[in-house]
Structures are given as structure tokens and as C-alpha cells.
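Protein chains in written order, with our numbering: chain A, 32 to 252; chain B, 1309 to 1953.
Just so you know, the hints here were simulated from the structure itself, not pulled from any lab data.
Any given hint could turn out to be false.
Here are some of the chain B residues that sit facing chain A, going by a computed Cβ distance under 7 Å [to be verified]:
| id | residue |
| --- | --- |
| 1 | Leu1318 |
| 2 | Pro1320 |
| 3 | Val1329 |
| 4 | Gly1334 |
| 5 | Glu1335 |
| 6 | Val1339 |
| 7 | Pro1557 |
| 8 | Ser1560 |
| 9 | Val1564 |
| 10 | Gly1618 |
| 11 | Ile1705 |
| 12 | Asn1706 |
| 13 | Val1710 |
All values derive from a computational prediction rather than experimental measurement.
The beta carbon of each residue, even a glycine, is placed where N, CA and C say it ideally should be.
The chain contents come next:
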Amino acid sequence: MQRLRVRYAKRGRARFASHRDFGRALERALRRAAIPMAFSSGFNPHPRISYANAATTGAASEAEYLEIGLAEHRDPEWVRDTLNAAMPEGLVIVEVAEANGGSLTERLAASRWQVQLSGADAEVLAAAAAQLLASESALVERTTKSGLRSFDVRPALRSLTVIDGGLELVVATSEPLVRPDDVLAALTALRPELDTGVPALFSRLAQGPWDGERIGDPLRG
Amino acid sequence: MTAAPLYPRLEPLLTQVAKPVQYIGGEVNSVSKPFAEAEVSWALMYPDAYEVGQPNQGLAILYEILNETDWLLAERTFSIWPDLAALMRTAGVPQFTWENHLPVRAFDLLGVSFSTELGYTNLLEALDLAGIALHSADRGEDEPIVIAGGHAAFNPEPIADFIDAAVLGDGEQAAMAVSKIVRDWKAEDRPGGRQGLLLRLATSGVAYVPSLYEVSYAESGELAAVAPLLAQVPSRVAKHTLMELDNWPYPSKPIVPLAETVHERYSVEIFRGCTRGCRFCQAGMITRPVRERNIQTVGAMVADGIAATGLDEVGLLSLSSADHSEIGPITTELADRYADSFVSLSLPSTRVDAFNIDLADVLSRNGRRSGLTFAPEGGSERLRKVINKMVSEDDLINTVAVAFGKGWRQVKLYFMCGLPTETDEDVLAIADMAARVIEAGRRAAGTKDVRCTISIGGFVPKAHTPFQWVAQLDPETVDRRLRMLKEKVREDRRYGRAISVRYHDGKPGQIEGLLSRGDRRVGKVIEAVWRDGGKLDGWSEHFSYERWTAAAERELAPLGLDLDWYTTRERRHREVLPWDHLDAGLDREWLWQDYEDAMGEASVEDCRWAGCYNCGVCPELGTEIQIGPTGRSLLPLVNLRPDQD
Ligand code: B12
Ligand code: SF4
Chain A
32 MQRLRVRYAK RGRARFASHR DFGRALERAL RRAAIPMAFS SGFNPHPRIS YANAATTGAA
92 SEAEYLEIGL AEHRDPEWVR DTLNAAMPEG LVIVEVAEAN GGSLTERLAA SRWQVQLSGA
152 DAEVLAAAAA QLLASESALV ERTTKSGLRS FDVRPALRSL TVIDGGLELV VATSEPLVRP
212 DDVLAALTAL RPELDTGVPA LFSRLAQGPW DGERIGDPLR G
Chain B
1309 MTAAPLYPRL EPLLTQVAKP VQYIGGEVNS VSKPFAEAEV SWALMYPDAY EVGQPNQGLA
1369 ILYEILNETD WLLAERTFSI WPDLAALMRT AGVPQFTWEN HLPVRAFDLL GVSFSTELGY
1429 TNLLEALDLA GIALHSADRG EDEPIVIAGG HAAFNPEPIA DFIDAAVLGD GEQAAMAVSK
1489 IVRDWKAEDR PGGRQGLLLR LATSGVAYVP SLYEVSYAES GELAAVAPLL AQVPSRVAKH
1549 TLMELDNWPY PSKPIVPLAE TVHERYSVEI FRGCTRGCRF CQAGMITRPV RERNIQTVGA
1609 MVADGIAATG LDEVGLLSLS SADHSEIGPI TTELADRYAD SFVSLSLPST RVDAFNIDLA
1669 DVLSRNGRRS GLTFAPEGGS ERLRKVINKM VSEDDLINTV AVAFGKGWRQ VKLYFMCGLP
1729 TETDEDVLAI ADMAARVIEA GRRAAGTKDV RCTISIGGFV PKAHTPFQWV AQLDPETVDR
1789 RLRMLKEKVR EDRRYGRAIS VRYHDGKPGQ IEGLLSRGDR RVGKVIEAVW RDGGKLDGWS
1849 EHFSYERWTA AAERELAPLG LDLDWYTTRE RRHREVLPWD HLDAGLDREW LWQDYEDAMG
1909 EASVEDCRWA GCYNCGVCPE LGTEIQIGPT GRSLLPLVNL RPDQD
């Protein structure tokens, strides 16, 4: 079995595709493109696909990852191009590479996110960011599958900068998972006027190993 | 015409609603053409949520045919859930199309497909969200022509005030004919304006234009006459019938939804029409005669459809799929062809005989033998004679025994409650039948682990059927009979636990009855219900019986009419029915005769095998039965998979 690692993007309107929507689209595209998939054994065989760390519905992303198993050997670039031709608009296969040992999930140690905030005052934002970075903990609440949960966003937060029209931040992949909307909730708790009524838009720019300064490429090294 | 995409204004709203993915478009096989370059543009609407509307076969066909034509463009639109609709109203974002998120109001035509009458309030909601005048009489020159199609369009009278035109029957050629008329009219610089165009549609016979007909009423409340207002407008409008379906292999590359929908398979309509003659079935009456696709077309459509969509389930659809003259070879050869692949095949068949079991066996060769479905429709043999569903109870039991003997473990039986002449005993007989099914099933299967599900809904009399004259059973009696049935099953100590009863209460059926056989006066009720907040009436969580009955009382009382007048009242033989001027090809006197036969418990054979019995359709419309067998086999597959190097 040939193991290939895939980086894909959710762009434009496709940001609203959920993880399950993507899964169905991928499986259909794999069939349309006649990629020779390896199947799990058993009564109801499934194509070998393992997902890692999918972004939430509504978030755009340039850096989603998964791994597939092929029954026959194929050139990774051929797989990328053939698959791309079969995917719906906005779900784009950016890169396909041979799996090179190590666990993909472990390499996805941190994510860089961009948060688009229309109407938020840049100075208030900068002040809230500084305050959050200076604090040791910041509790937020979010409804999860298991009900309303409260957790600390601060330990997972690696960097937080104010950019034109919003924020850029790096969060470590943690348990429970801290999402960029949690960080925004923490900032809004500090400065309620950041809630402008216009919903923020989230985009994942990169995902991979974190060296304290930069996010590396999880498909290499 | 130019139109600015609405997506940038829609996107922030989508982050705040449930299942936003349904609104984004861009699916595999969706078609996006430059709007300004099209000579004629269609917005095609299924008036229900995306998850129900997208899989609709009829619109998928029209979408492909229209978009294949270089001077035409078609985009889709669906009902919008209340959460998004509220945000759109606040933000001033109008009803949009899915491909390029253009305002529906910018299109030349808005084609709406009505499979069910319960979609009428959704039409009003969409018109209002689109900023299109609700009443055709109020529409301006720059507003789209609103055209209804689909089965419910065979009696469009209740929505006559809201639509500009209706197309009856098959849409493949009719939609092209409409498009050509619009193109010519635009090219000639719109002579006569909007009215001029409607007149052309009417005089050509392509479409029914309600505003060109006057309805007059008698003292009794009955219709007195429906007459064209102008001499050149035909007094009757006939349905369209597509012949030689092998030349129309659509849909060939249907859209593959990104969002989840009710029906995720590639469907091939293996034939259109049905002449089994079930007297309650509007679909069977209005789609005559039977026109088959041959085994080779079916095989090619399946192969191409899988390649184009990547779907792993194929449905061989039609009103009674097992009746195809080549169904044996079609299923076996397809099952052989796809034996070692990811593709599974299904055949929604409700025929009650051993042959059906053979087909089901072939299709489930390497899958699970979970459930089989049969539709006896009536609980007693007498009642089945009335509805012309000729299944004897012994046949049913024998068939079920064969199925259980072959490893099937569950059967689902479909019935209707409220059929003409029905008594309590007829409905209670369903419980006896189910008990016999379990008894025979346990014996044949050699295990107690067999199940039977009874699914039962209220019967709604429909236009253009032999039962178009009958009194609909009141919802209270329907509900009482259904409760009695449930009670009787529960009291059955031996078999009751192996039987489950699923039923829909009679209330939505009464409203469907009002809309199905309603006339133009019912339009006021629909509008009142929508103004009171009614929409998405096909969804039990949105349907409000009280809203409908209150509106009906308010709007109909001044006319001396009520809900009962439209539903539980039996019509006179010679009464002018609201759809009499709309021609499904069926001879009215034949329908009446068939109704009398029903009362006499006399059955009619299928004209495919027993010869023509003069229902009127073939001579009236110049059509004929087109069936095999052709004796051919599937054509060998060439180039099934795209190049791999
Ligand atoms: C036969 C049938 C089935 C068969 C076959 C389906 C098929 N052939 O596609 C089977 C048993 C498989 C089936 C299954 C189901 N069905 Co069904 N089915 C029907 C039925 C009776 C006829 C559909 C049909 O023949 N389609 C064939 C196509 C080609 O015809 P068409 O859509 O009428 O379109 C043609 C013309 O009418 C015309 N036309 C149509 N619109 C327009 C518009 C314009 C502008 C013009 C010019 C022309 C035009 O052009 C088209 C091409 O010729 C309809 C009821 C009805 N009266 O339509 C219900 C119906 C569509 N089904 C329904 C449902 C719920 C289902 C199921 C989800 C049931 C379930 N719970 O499993 C499944 C899902 C599968 C599916 N296909 O969606 C509902 C939909 C409810 C809703 N809210 O809209 C309906 C309306 C029945 C009902 N009243 O509840 N179904
Ligand atoms: S006219 Fe005769 S052959 Fe044609 S559908 Fe009616 S009964 Fe059948």
C-alpha cells in the first residue's frame, strides 16, 4: 500500500462545507478520478482515508491535512491533478506527498489563523491582545457535544498580533482543542466593545510543527 | 441584463445559520455561464429546502437540457429556511440563485416545479423574498415570467393568481419551446410587452395562461364555466408527452450535492408513465402512455452517470420499475457488471410477486437482505378491487414466505386509509394481513426474528383520476381508523410485537385535499396562510393545521364555502371541475366509467398486456405505448475509467 499525505484548502464559499461534507465529496472525487484506493477489510470495506484535525464549519483553510492509502503506486502529482479536476469548487488539493514516516497528527502541533473582524477598533483590539498575552489564564465557555464547557485558552495561545482588519494568531493543538473563536471570545470578554455585531471570519493559514517562532511544513522533514 | 452577485452580502449571513453549506452552490456538475451573454435566462426552482429539492429528477433534466443550449442559461433556486430568510429580509438580500448568487428577479423566467401541492406557500415566500409581485396581475415589465410545471401543475387553479403560466406534462421539449418563444419576443423588441408574451405562450398551446381564462360560478358555488377571454386562446390546453426516451438520456451528469440530501444516488428513469391503472394514483393517470428506455440506453446511462458523479448507488426508477419489459436482463446484467465494484443497485419496486423477489435477490447478491417493500394499498381484497390494485392476500403471503425463505427478514407494507367505500373492517383487515405475514414469515425463515412494518397514510383524491369526484374522508375518521388499527396490532399477543405501525395523521391530508381539487378561490386561502407565517408545509414542524383551517374559514365563508365543500363533498358527474379545461389526454367519460367500475368492484387490466381499453390518451395526444423487449443486451463498456497516465 502506498501512503500519501494530502494538504487541501477550503476556499471561498466552500468554507461552509463541514468535515462530513468534505468527506463525502472526497470519496466521490476519488471514485470519479478512478484513484486506485486501498480498502479496509471486512464486510463493509471503506477506502483508506484518515483525517487529521479538521477546521470547523464556516472556517476557511489553506492547510488541512489527511492521509490516503493506494492499492497501486501512483505519482503524487498525478493524484493531486486528477483529484483536483474531480473536486467541487473551493475544495482544492494543494499538495500530495509520499508519507515519510512519523505520525501526521503529531506533526500538526500548531495552527496559524487569521481572524477577519470588520468594524473593530484597532487600538481596542491591540490593547485587548496585550492584556490577554500578559495574563496567565483566560477562561471561556463554549457549547460542545457534551454540553457547555469552560476551558482556559491562554496555555495554548502561542502568538497574537493585530493586523489590518483583524488578528493573526498561533494556537497549539491541545486537548481540549482551543479554537480561534475561543481566543476571540476571550478578547471580547476583556473588551465587550469588540463585539460589533458583524460575525468574524476565520481562516487557517498554516498547520504543522511549531519551533517557537514558525510553523513548519508537516509534509517534509 | 446585468446583475450583481449577492454572495458578498450573503456570506456574513451564512455564518449565522444552520447548515450554510446548502446555500453555496458550486457543486460538481453545476453549470455557471456568463449571465449577460444568455439570450434567455431561467431560474429553476424546486419549492422546498435544498435537501429535498436538489435530488428532484425533473429539474435535473431541465437544468441539463437548457444549459446545453448555447443561447440559454439556467440557474437553480430553492426554498430558504426561516433562519436565513429573516436575516436576508433585515439585510435586504433577495432570493438568489445557487450558481452565481444572482437575484432571481433578474431572470427572464422563473420555472417552479410542483411535485406536491404543499409547496404552494413556498412559492409565495420565494416571490416575496425575490421582490417579485405576488400576483401576476401586478407584475411589471421587468419581472420574470413565473411558470409552474410538475405533476401538481395539472390543476394549477389554486395558484392561478400567482403564476403567469403553467406547463403540463413532460418538460424536455416544452421548456425549449417556451425558451424559443421568449427569445423571439425579446429579439423583436418585446411586442405587446409582458401581455404580448403571455398571449404567444397561450396561443401556441405550449402553456396554460390562467389570466387569459375567465371562471364563472353558479349559485351553488360550483363552477359554471371556464372560458378563454380571447378567440385565439385555445379552450383546452393539452399536456406535453415526450416520445422515444432513448433519444433523451437525461440527466446524464446530475449535480452532486456537497450538502447532505434525502436521496444520494444516481437515478435512471427506466420508463415513464404507468398503465397499471391504480385508481387513486394521479402520477399513473397523467403520465400515460408507458415509454421505456431500452436495456442499452439504461446500461449506458448507468455507466456514464457513475463516471460523471462518483456516486456509489444507482436507482432504477419509474412508477413501477419491475414492469419494464426487459427488467430481468437489465438487473442481472447490471448486477454482473458491477459485482466487484463499489456500485450498488436498487429498484424501488412495490410489485407483489415472486418475480419481484428474484429481482431483489439479484440486486442484493453481495449485500444485506434487510427489507423488502410492497404496496397492497388496501387492507381487504374487496377494497383492492375498488382501487384496481389486483393483489390477492394469498399471493402476498406466498410472496412474503418466499422472501423470508431466501433470507429476507423484514417487509414493509404500504397502505392508504380513507379510500372510497372503505369501512372500519377494511382498515382492521390490515392487522390480520400483517399477522399472517409474520406467521408465514416465521415458518419460512425458521426463526422468530422477522418483522413487518405497516406504513399508512390518508388518501387524497386528485384531479384527472377516476376518484376526482369522490368525497374525501374527514380527518377525524381517518385518525380514528388509524388508532383502531394500531390498537388491534397492539392487542395481538402472538404477533403484535413483530409488527410496527407508522402513520401520518389525517390533518395535512385534508389540506392537501383542499389544494389538490381546489379552484381559483382557494388562492385566497393560500395567500392568507402565507401572510400568517405559513411556509414549508411539507415539514411537520412547520405545518400548522390551525393556521390553515382558520384561514380557510375566514376566506371561504364570505363565498358561502368551507373546507368541507372542497374536501368531503362528492362531486356530481356533470359538475364543471376546475381542471376540466386542462387536458391530460384522459377521456372524461372513461374516467367516470372507471369510477363506476370501481364502485362495482370491477378491475381493469394493464393495456400493455391486455390491449387498449380506450382511456383516451393515445388517440387524443397522438402517442403510443413504447415498450420492448428488444432482446438486446448491455453494450460492452468502453473507456469507463478516465486515463490513468
Ligand atoms: C415516482 C416517485 C418516486 C419514485 C421514483 C422517483 C423518480 N422517478 O424520480 C421513488 C419510489 C423512487 C420515490 C422515492 C422518493 N420520493 Co418520490 N415521488 C415520485 C412521484 C410520484 C413522481 C416523480 C417522478 O415521476 N419523477 C420523474 C420526473 C422526470 O418527472 P417530474 O419531476 O414530474 O418532471 C418532469 C415534468 O413534470 C416537467 N416539469 C417538472 N417541473 C417543471 C417545471 C417547469 C417550469 C417546466 C416547464 C416543466 C417541469 O418536466 C420534467 C421532465 O419531463 C413524486 C410525486 C409527483 N407528483 O411528482 C413523488 C415525490 C417527488 N417523492 C417524494 C418523496 C418525499 C420521496 C422520498 C424522499 C420518499 C422517502 N421518504 O424515501 C424518496 C426520495 C427519492 C427521490 N427521487 O427524491 C415527495 C417529495 C416531497 C417534497 N416535499 O417535495 C413527492 C412529491 C411525493 C409526495 N407528495 O410526498 N419517489
Ligand atoms: S389509450 Fe389505450 S393504449 Fe393508450 S394508455 Fe390509454 S388504454 Fe393504454
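Here is how each hint holds up against the structure:
Given the 7 Å rule on beta carbons, the hint for Leu1318/B is violated: about 9 Å separates it from the nearest Cβ of chain A. Because the beta carbon of Pro1320/B sits about 6 Å from the nearest beta carbon in chain A, less than 7 Å, this interface hint is met. The beta carbon of Val1329/B comes within 4 Å of a beta carbon in chain A, closer than 7 Å, and the hint placing it at the interface holds. Evaluation of the Gly1334/B hint against chain A yields a held restraint, the C-beta minimum of about 3 Å falling below 7 Å.
Here the hint on Glu1335/B is kept, as its CB sits about 5 Å from the closest CB of chain A, short of 7 Å. For Val1339/B, the interface hint is violated, since its Cβ never comes within 7 Å of a Cβ in chain A; the closest pair sits about 12 Å apart. Using the Cβ-Cβ criterion of 7 Å, the hint placing Pro1557/B at the interface with chain A is not satisfied: the shortest such distance is roughly 19 Å. The beta carbon of Ser1560/B is not positioned within 7 Å of any beta carbon in chain A (closest approach about 14 Å), and the interface hint is therefore violated.
Of the supplied interface hints, the one on Val1564/B holds, with its beta-carbon coming within about 6 Å of a beta-carbon of chain A, less than 7 Å. Residue-level restraint check for Gly1618/B holds (minimum Cβ-Cβ distance to chain A is 3 Å; threshold 7 Å). The interface hint given for Ile1705/B is violated, since its Cβ lies 32 Å from the closest Cβ of chain A, which is over the 7 Å cut-off. Annotation: Asn1706/B was flagged as interfacial toward chain A, and the flag is violated, the nearest CB pair being 31 Å apart, outside 7 Å.
Interface restraint check for Val1710/B: the shortest CB-CB distance to chain A comes to about 25 Å, outside 7 Å, so the restraint is violated.
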